[in-house]
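J.: Residue 881 is where the sequence shown starts when you use our numbering, and the numbers rise one by one after that.
Think of the hints as simulated: they come from the structure by calculation, not from any bench. Incorrect hints may have been included.
[Said to hold, decoys possible] Dumping the calculated DSS-like pairs for lysine-lysine here, alpha-carbon to alpha-carbon at most 25 Å:
1) Lys962 to Lys940
2) Lys962 to Lys982
3) Lys962 to Lys1040
4) Lys962 to Lys948
5) Lys962 to Lys983
6) Lys1036 to Lys983
7) Lys982 to Lys1040
8) Lys983 to Lys1040
9) Lys982 to Lys1036
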Amino acid sequence: MIKTKYSFWLVLLLSLVLTACGSKKLAVKSDSKASKAADAMANLKSQQLYRFITEWTGVKYRFGGLDKSGVDCSGFAFLLEKEIYGVSLPRISRDQANFARKKSYGALQEGDLVFFSFGGNDVDHVGVYLNNGFFVHASTTRGVIVDDLNLPAYQKVLVKSGSVN
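Could you build all of it, start to finish, from the sequences and the hints given here?
T.: This is how it looks when you write it as structure tokens:
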């Protein structure tokens, strides 16, 4: 009997502690990058683009992938541009960079492409610009995600931006 009461109170106490920690995490998260990314998504002109990104967010990265079981960065840009804008892009990020008409960072609009080089001179990553400095891409570690293009880590490796539509 004493063991049962002790177990009950222990479970109750743990539930309260874990719930409180979960609530605190959510409050911190809502004030962070996630909140800013959500604002960028809410301000998209194209609701079709918003739905597309929402459906793909969280899909894991898979080199050469072209479906929701896994997609790479150029595959994601390829699929998004085709479905939302009717533009047939080349499949590889380097070729996509050659296909895009160069555009200054300050002139970027929703649907434009941003290209990165993480080593050497070749483009090896691509994302799709949204607005307010945010872009969507297939991250090798986090899958399809909306990120802040103004972060120093991205600004340092941004090599080109351009329009394809």
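J.: Could you run down the list of hints and mark each one as holding or not?
T.: Hint check results:
1. Lys962 to Lys940: 20 Å, holds
2. Lys962 to Lys982: Measuring from Cα to Cα gives roughly 19 Å; hence the hint holds.
3. Lys962 to Lys1040: Holds: Lys962 and Lys1040 sit about 21 Å apart, inside 25 Å.
4. Lys962 to Lys948: Distance ~16 Å between Lys962 and Lys948 Cα, so the pair holds.
5. Lys962 to Lys983: The hint holds at about 20 Å.
6. Lys1036 to Lys983: Between Lys1036 and Lys983 the Cα gap is close to 18 Å, so the pair holds against 25 Å.
7. Lys982 to Lys1040: 7 Å, holds
8. Lys983 to Lys1040: 8 Å, holds
9. Lys982 to Lys1036: 18 Å, holds
In summary, this structure violates none of the numbered hints.
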